[in-house]
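Work the whole structure out from these sequences, hints included.
Number of protein chains: 2
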Amino acid sequence: MRKISDATITRLSRYYRSLARLERKNQEMVSSKELAQTGGATSVQVRKDLSCFGQFGTRGLGYPVCQLKETIAHILGLHRTWNVALVGAGSLGAALISYKEFKRQGFHIVAVFDKDPAKVGKNKRGLIILDIKNLPEVSRELKIDMAIVAVPKTEAQSVVNLLVQAGFKVILNFAPVNLMAPPQVTIRNVNMAIELEALSYRLMAN
Amino acid sequence: MRKISDATITRLSRYYRSLARLERKNQEMVSSKELAQTGGATSVQVRKDLSCFGQFGTRGLGYPVCQLKETIAHILGLHRTWNVALVGAGSLGAALISYKEFKRQGFHIVAVFDKDPAKVGKNKRGLIILDIKNLPEVSRELKIDMAIVAVPKTEAQSVVNLLVQAGFKVILNFAPVNLMAPPQVTIRNVNMAIELEALSYRLMAN
Chain G
193 MRKISDATIT RLSRYYRSLA RLERKNQEMV SSKELAQTGG ATSVQVRKDL
243 SCFGQFGTRG LGYPVCQLKE TIAHILGLHR TWNVALVGAG SLGAALISYK
293 EFKRQGFHIV AVFDKDPAKV GKNKRGLIIL DIKNLPEVSR ELKIDMAIVA
343 VPKTEAQSVV NLLVQAGFKV ILNFAPVNLM APPQVTIRNV NMAIELEALS
393 YRLMAN
Chain R
193 MRKISDATIT RLSRYYRSLA RLERKNQEMV SSKELAQTGG ATSVQVRKDL
243 SCFGQFGTRG LGYPVCQLKE TIAHILGLHR TWNVALVGAG SLGAALISYK
293 EFKRQGFHIV AVFDKDPAKV GKNKRGLIIL DIKNLPEVSR ELKIDMAIVA
343 VPKTEAQSVV NLLVQAGFKV ILNFAPVNLM APPQVTIRNV NMAIELEALS
393 YRLMAN
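These protein sequences, in sequence, are chains G and R.
According to this note's numbering, the first sequence is numbered sequentially starting from 193.
According to this note's numbering, the second sequence is numbered sequentially starting from 193.
Just so you know, the hints here were simulated from the structure itself, not pulled from any lab data.
Misleading hints may appear alongside valid ones.
Identical copies go unnamed one by one, so any copy, or any two together, can satisfy a pair.
[To be verified] DSSO-like mimics (lysine-lysine), calculated; alpha carbons at most 27 Å apart, straight line: (1) K295 / K217; (2) K335 / K311; (3) K217 / K345; (4) K307 / K295; (5) K311 / K292; (6) K292 / K314; (7) K311 / K345; (8) K316 / K335; (9) K314 / K335; (10) K292 / K307; (11) K292 / K316.
In structure tokens form, the structure reads like this:
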């Protein structure tokens, strides 16, 4: 299978949500044009994205809503649940534990770690904060699949090193810093300032 | 000027950070290849992105680090500060107030609003929570440029309606829901579950 871009995967997530909405409205078929409108792309892009994964639609009839939704769920791993470790029990960590959309899509934060002895043992939104030293064993015991890094930027690389050593293959990083990891490890960065920069660009351009 | 894609703007933010790093190391010139490596793109992509905004490099010599960084700062509006309103004083709101990278890039959260009477008047990380009813006047008085929506998904559309009425042109939305706004208003959505889905996809594909 050819290499699928991150942008395609992000659009699949959007199509999935559009399909879920259409399914709730009992709509049976959807055109690439309609999916494009709700997913923020062009109909050519929708057809190209979906063709990466097989032949789903029928010319003139479109795509079957329910079936395409299930197919995308299997591609993205939304048909099952995932155990997630959160590193960093600060205010961003607290917000992530409370973020309901994670659980709704099957992502369960099952453990939260911090290195601050003053925090370890305390309850954070229903989870006991664990010592980061215990991350490797706890991750094995709880069969944790992925990790979220929500620590200050100065701490992020050492946390990533620990996660890599513990065998994590995928990491979502919120620290605004460039991180190094071996090629077999995927780090996805969320930088909220970059999101605002896309908006200040709009204000500058107008 | 032709339409610049959101993806190009996001990459400009990445190039900006790479250039800032190189500047701190006193590097004077940078090739598109080097910018591509640190910015996570190809050198063809870098040249294409930058060519949208003018002619910056010299064949064989590359781009002048300091000058290109300043040019991108002006394109993205990073050479000045922006006043930001935050709507929603929950745990995500608290995390956003504490997120240092915003201020570092010139985005100052100057007011936080909530509709919950139990929260209004309380101090949240140094800001007094204001009644959402006062958003239009406060936004005018404080010359607020952009808004962040960090409310539950059921509240998000009514908050966006209020922001649009108050004259906001750009909105960063964290609620995991599709929002409607007039075409002259740009809404940028951050859905943290979609970020995790890109990672579960990797685990499924391996």
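Taking the hints in turn, this is what the structure says about them:
{"no.": "1", "hint": "K295 / K217", "verdict": "within (23 Å within a copy, 43 Å between copies)"}
{"no.": "2", "hint": "K335 / K311", "verdict": "within (24 Å within a copy, 39 Å between copies)"}
{"no.": "3", "hint": "K217 / K345", "verdict": "between (44 Å within a copy, 19 Å between copies)"}
{"no.": "4", "hint": "K307 / K295", "verdict": "both (25 Å within a copy, 26 Å between copies)"}
{"no.": "5", "hint": "K311 / K292", "verdict": "both (23 Å within a copy, 21 Å between copies)"}
{"no.": "6", "hint": "K292 / K314", "verdict": "both (22 Å within a copy, 25 Å between copies)"}
{"no.": "7", "hint": "K311 / K345", "verdict": "within (19 Å within a copy, 31 Å between copies)"}
{"no.": "8", "hint": "K316 / K335", "verdict": "within (21 Å within a copy, 37 Å between copies)"}
{"no.": "9", "hint": "K314 / K335", "verdict": "within (23 Å within a copy, 41 Å between copies)"}
{"no.": "10", "hint": "K292 / K307", "verdict": "both (25 Å within a copy, 20 Å between copies)"}
{"no.": "11", "hint": "K292 / K316", "verdict": "both (15 Å within a copy, 22 Å between copies)"}
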